[in-house]
Structure formats: C-alpha cells, structure tokens
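K.L.:
One-letter residues, chain by chain:
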Amino acid sequence: MAFSLSAEQERELGRILSRYPNKMAATIPVLHLCQAANENWVSDDVIQFVADKLEVGTAHVKGVVTFYTLFNQSKPGKHQVWVCRTLSCALRGAEGILHHCEKRLKIHAGETTADGKVTLRTAECLASCGSAPMMQVDKTYHENLTTERVDEILDRLIAD
Amino acid sequence: MLQKTTFLSHSYAKPDGHTLAAYESAGGYKNARKALGMSRDAVVDEVKKAKIRGRGGAGFDCGTKWTFMPKESKKPCYLVVNADEGEPGTFKDRTIMERNPHSVVEGCIIGCFGIGAHAAYIYVRDELHLSKERLWAAIEEARAKGYLGQKPFGLDYPVEVYVQTGAGAYICGEETALLNSLEGRRGEPRYKPPFPAQVGAFGCPTTVNNLETIAIVPTVIGMGGEAFCKLSTLAEFNDGGSRLFGVSGHVKTPGVFECSVGLTLRELIYDLGGGILGDKRLLAVIPGGSSCPVMLPEELVNVPGDPRFEPYNGKSVLDLPLGVETFRSVGGMLGTCCAIVLSEDADPVLALHNLMRFYRHESCGQCTPCREGCGWIERILDKIVEGRATLDELDQLHRIASDITGNTICAFGDGAAQPVLSFVKKFRKQFEDYVLTGGKSQTKKLVA
Ligand SMILES: Cc1cc2nc3c(=O)[nH]c(=O)nc-3n(C[C@H](O)[C@H](O)[C@H](O)COP(=O)(O)O)c2cc1C
Ligand code: SF4
Ligand code: FES
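Those protein sequence lines, which keep their order, are chains U and G.
Position 159 of the first sequence, counting from 1, maps to 171 under the numbering used here, and the rest follow consecutively.
Position 162 of the second sequence, counting from 1, maps to 318 under the numbering used here, and the rest follow consecutively.
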C-alpha cells in the first residue's frame, strides 16, 4: 500500500516547508517525519512519497537516505538502543556495557531480538562524554550507566 | 588562572532555567533590544573588540568573520548556527541548548543584525532530542513575546529563527557539509573558495558560527566588547573573554565548566575535574576533541623569541593557558576546549585504535587520501592490536597520515591524521611493544 501521512502529519509537513526558501531543503526533516510515521524506517514507498511532495527525484531522496546513518533502510525493532563506544565512553567502560546488552538481549550489536522488540546498535560520540558510559534508547539519553541500570532499562523494553 | 564565570551557566542549576521567565529575570533579551537600537557596524565592532575565538574548533575570530558579510546584498543573507556537536569528547553546546536555550535565541537576533540576515537556522544533530525541544520552545516563547518575527521589540528588523535537524553524520559539523545538509542534500563538504560569506546556504551569503559562539554574543553586547575581552588573561594573544571547558575520561568529576579564558589543563584536570581516578598518574590528555594532537604532561613549553611565552617556557604544557594561539605555538591545538583525560591505566594503542575506527566510519568518502587512508590506518591498527603487524607497517601509519594531511577537500582529513601522527610519535615504545611482543607490557584496556 502506498505510504501516506495523517492530516496532522500533513500539517506538520506544511510547517516544515514554510521554513525554507525551497522544497528540497525540507528533505531531511520530512524524511524524519515520514520515518516516524512508518515504524521507524524509510521504505521505497516513503522515498516515492517524499520525492513527490518535495518535487525532487527519487534518486535525490535515496542518495540522502543512504548518506545518513539515522535513516533506517529496513524495519528496526520497536525500540532502538544505541551504546556509545567512542573514546570518552570507552575510558569509562562502554565495552562492558555493550557486552552486557548483547548478553542480556542475546543478540550482537546491529541485530534485532527475535520478538522484534529491541534493535541494539553502537553509536559514535553522542555529546554526553562527561556522563559516560551512556546509551540512547529511542529519544532518551541514559547516562552514568552501571550494569544494574542497564538491566532495569532493558527489562522495561523487553516487557513493553 | 582559574576564574569561574556564569554568563551562560547561571541558569544551569535552576530547574526552570530554560524558560523565558527565568532568562528575563536574569536580564535576558535586554541586550538584543540594545543591539537592534545600535548601528550594524557598532554591533560588529563590539564583537570584534571582544576577541571571541570561534568555539567550534577552528578558533577563527568571530567579529572578523562577521565583517566578511556583504554590506549590501541583493540576495538574502543567513546566519547558520552549528550545533552538530559530534567531535569526540565534546559535550558543551548541549548544556547550553538544554539549560539556557534563550541565550542562543537572543544571540541569533544579535547575530542576524550584525551580519545583515533576517533568518537563522540552528543545525542540531538529530540525537539531541531534548536540545531541539528546548530550542523550539524558546523560539516559540520569544515569538509570543514579540521578540522574533516582523518587528522584534517593536523595532524594524525582522528576524526568524528555525531549528534544523541532522540525521547522524559527524561530517555535517564541517561548515560546508552542514550547508549541503541544510539544503536537503548529502552532507558532503564543498570546495572552498567560494567561502560561505559569498556563497553559503541556498547560494546566499552566510555566516556559520558555533552555537556557543552565538550564545555568548548577548553578554558581549551587555558588558561591552572591551570589558568582555579583558576577562581573559590571553587578551594579548587575541583570545578574549570567557568560555565553556569540558573534561571527560579518567577524572573524578567530569563535566562542563564556565571560566575565563586563561585556564590551564592542570586546573581543568585537577581543580575542576577533581584529579585522576584512583589518584593514578596522568598519562596523556587530548585538549579539545579527538582531532587535536595528544599531549603528555612531560612535554615542556619552548617558544623562544616571543616575550609573551616567557612566563611559560620550560614549564609543562599542563601549565600553559588554554588558548587558540598558545596551543598552536607548542604544536598542539585547542579545538573545542573539551579535554579527554587518560590515566596510566589506559592503553594508548587501544585509544588510537578506538579513535581511528571513528574516523574510518565518519569519512564522507569524497577524497581518496581520506577515504582510503582512514581505512588503511584502521586495518594496520587492527593488526597491531592483534600483535600481527610489522615495524614497517607501524612506519606506514606515519606515512599514510602525512599523505592525508593537506590533500583533502575539508579539514576532516587533517583531523584524522593528527591523532595518528601524535600518538605514534609520543607512544612509539608502546606501539613497538605491540609489534615486537604482542603488547606484553601494556595494560591492554581503556577503563581505569
Ligand atoms: C570534520 C569537522 C567537524 C566539525 N564539527 C563541528 C561541530 O560539531 N560543531 C561546530 O561548531 N563546528 C564544527 N566544525 C567546525 C566548523 O567547520 C566551523 O569552523 C565552525 O562551526 C565555525 O564556527 P565558529 O567560528 O564559531 O567556531 C567541524 C569541522 C570539521 C572539519
Ligand atoms: S577530507 Fe574526508 S571527510 Fe572531508 S571531504 Fe574529503 S573524504 Fe570527505
Ligand atoms: S564519547 Fe560517548 S558520548 Fe562522547
């Protein structure tokens, strides 16, 4: 089925377009909007939809989607977890946090749990170096992590 | 010299510090109102006198950058605020967005006026959801009060401020990549010239400033450029005022601290950062984000022939005030002023390995030396860490990094080369130990 937005999302799209001197400039924010409305991924239908709305080619939209890591080209789990592993976090035990997540979720970084609940990923520096180690769960930062805290957080995701 | 200031951080401890009410009760928006009553030249003049070195890493003088904008322009002009904050170890701009977003909005009004723009885009990396939310809320509050829009403060200078989001790409912090991203394209850096002041966003004259640079501008207008500049002990190095300093890694109390320019690394690590975890020995520090050369406490300042360096010559680099030119003169780089601290527990070979994985992952791939070089470097480091590399390969690291330097479209290439060149030179023994013995005498870990 072709992708479409709700009436409220269409109004948001209108607000986004009003910020820029041309339609192409809205590519990234509109892709974010559509990705959120499409179970967090950018399908070919979404690409076609965005290209039509912004009057740009699908090749342009696809080029943008493939450049940025936060556009998912396949459907992720219901929740997305990113463990930062760059130097400041690594100095504070990021590797241990990541291994703990892998063990607990029984998957490797880059994979999704069999029930489709959680996708585990690594991230590069998330501007939270002073509260390392840290991870991002969906839109929320969890900082100064311990394995106990990680368990609490993951338990909630698994139960959801 | 350690001199704490609170121009940006006065609101940090208050639960409602991000609101308009709190900002105005601390005198907020008076300075934008004042600036819009001045002439454009007078505003730029104050900013020039303040000697604000760009807080985004390159340290270019803010007021001078503003003078590059055309006096008269047939095309619209834009202010673009860089809040991509992706440089490893850097976490200062986020504190402003979350806890003092109105300083950014007020800075945008003054910045727009100073460069002849009527619209500002604040480009925030997508992951910083709370930052974006707080900025948008601040913009809405300011608009509702009539501080933005057609007639800010009832005066005839329309200003609009928008938040734009990235989508996960470190390279979009590079200003021309950021402009491409803002235009809805892949975030690939552009050739310079033309510079953004001639051809920037949407083909129009544009100034790109770091978010902290913009957020401090209201303070400058409030107290006057000269008075602001004098807060610094490095005014004679053209490095004025006060700024945010961050410290992370193996210190007891990591965090962001606002101080006058002139702070030393020793003060940042031991006084503000509380000293090294477990009171261990300090091995090394990367002063301002991962693209700066690593420095050792044993390194001494030696800049003969410049009287300004007399007080520091012969002392450890830890005692040299953190400034753009002071650090450049000792072969270092100030960068974003957010230091990463390594104690003796940290294995420097693993630290470089960690960083070079980052650079290999983030290279946009346009330039062969950067794209291929970062890949080769990572693969050689993989082998070194596994104890499978030869001394010849260790030497290749230096050659590859040197070949990237200066041969690329953007400064990412140099930024990727700096850690390699400095780590391999300063920790030669440790790298050789990995090659010769598989790293028998190394800690083989990063955690303290
Ligand atoms: C690879 C790379 C990444 C950068 N990332 C950032 C960043 O995240 N934030 C930032 O303000 N500047 C960043 N910069 C510097 C910008 O290109 C630019 O110099 C800066 O935004 C100008 O603002 P300023 O003069 O106020 O510092 C980066 C530069 C390079 C080469
Ligand atoms: S130096 Fe690297 S990041 Fe910069 S344009 Fe070239 S390939 Fe891209
Ligand atoms: S290194 Fe993990 S947030 Fe910066």
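In case anyone wonders, no lab produced these hints; they're calculated from the structure.
Just so you know, these numbers come straight off a predicted model, no measurement behind them.
Among these hints, one or two may not hold up.
[Claimed, not checked] Only pairs whose alpha carbons sit at most 27 Å apart, straight line, appear in this in silico DSSO-like list of lysine-lysine:
(1) G:K601 x U:K118
(2) U:K115 x G:K204
(3) U:K35 x G:K230
(4) G:K601 x U:K115
(5) G:K205 x U:K35
(6) G:K348 x U:K35
(7) G:K186 x G:K301
(8) G:K471 x G:K539
(9) G:K348 x U:K151
(10) G:K231 x G:K204
K.L.:
Now look at each hint and say whether the structure bears it out.
P.N.:
Hints, one by one, checked against the model:
Our distance criterion of 27 Å between C-alpha atoms is met by K601 of chain G and K118 of chain U, whose separation comes to about 24 Å. At most 27 Å may separate the alpha-carbon atoms for a hinted pair to count; K115 of chain U and K204 of chain G exceed this at roughly 55 Å. In summary, the hint linking K35 of chain U to K230 of chain G is supported, as the alpha carbons are separated by about 22 Å, within the 27 Å threshold. With a C-alpha separation of about 20 Å, the suggested pairing of K601 of chain G with K115 of chain U holds against the 27 Å cut-off.
About 40 Å separates the Cα atoms of K205 of chain G and K35 of chain U, which puts this hinted pair outside 27 Å; it is violated. Taken as a hint, the K348 of chain G and K35 of chain U pair is honoured in the structure, with Cα atoms around 26 Å apart against an allowance of 27 Å. For the hint linking K186 of chain G to K301 of chain G, the alpha-carbon distance of about 13 Å falls within 27 Å, and the restraint holds. As the CA atoms of K471 of chain G and K539 of chain G are separated by approximately 37 Å, the hinted pair breaks the 27 Å bound.
Taking the CA atoms of K348 of chain G and K151 of chain U, the gap is near 36 Å; set against the 27 Å cutoff, the hint is violated. Among the hinted pairs, K231 of chain G with K204 of chain G is consistent with the structure: their alpha-carbon atoms are about 25 Å apart, no more than 27 Å.
Hints 2, 5, 8, 9 from the earlier list are contradicted by this structure; the remaining hints agree with it.
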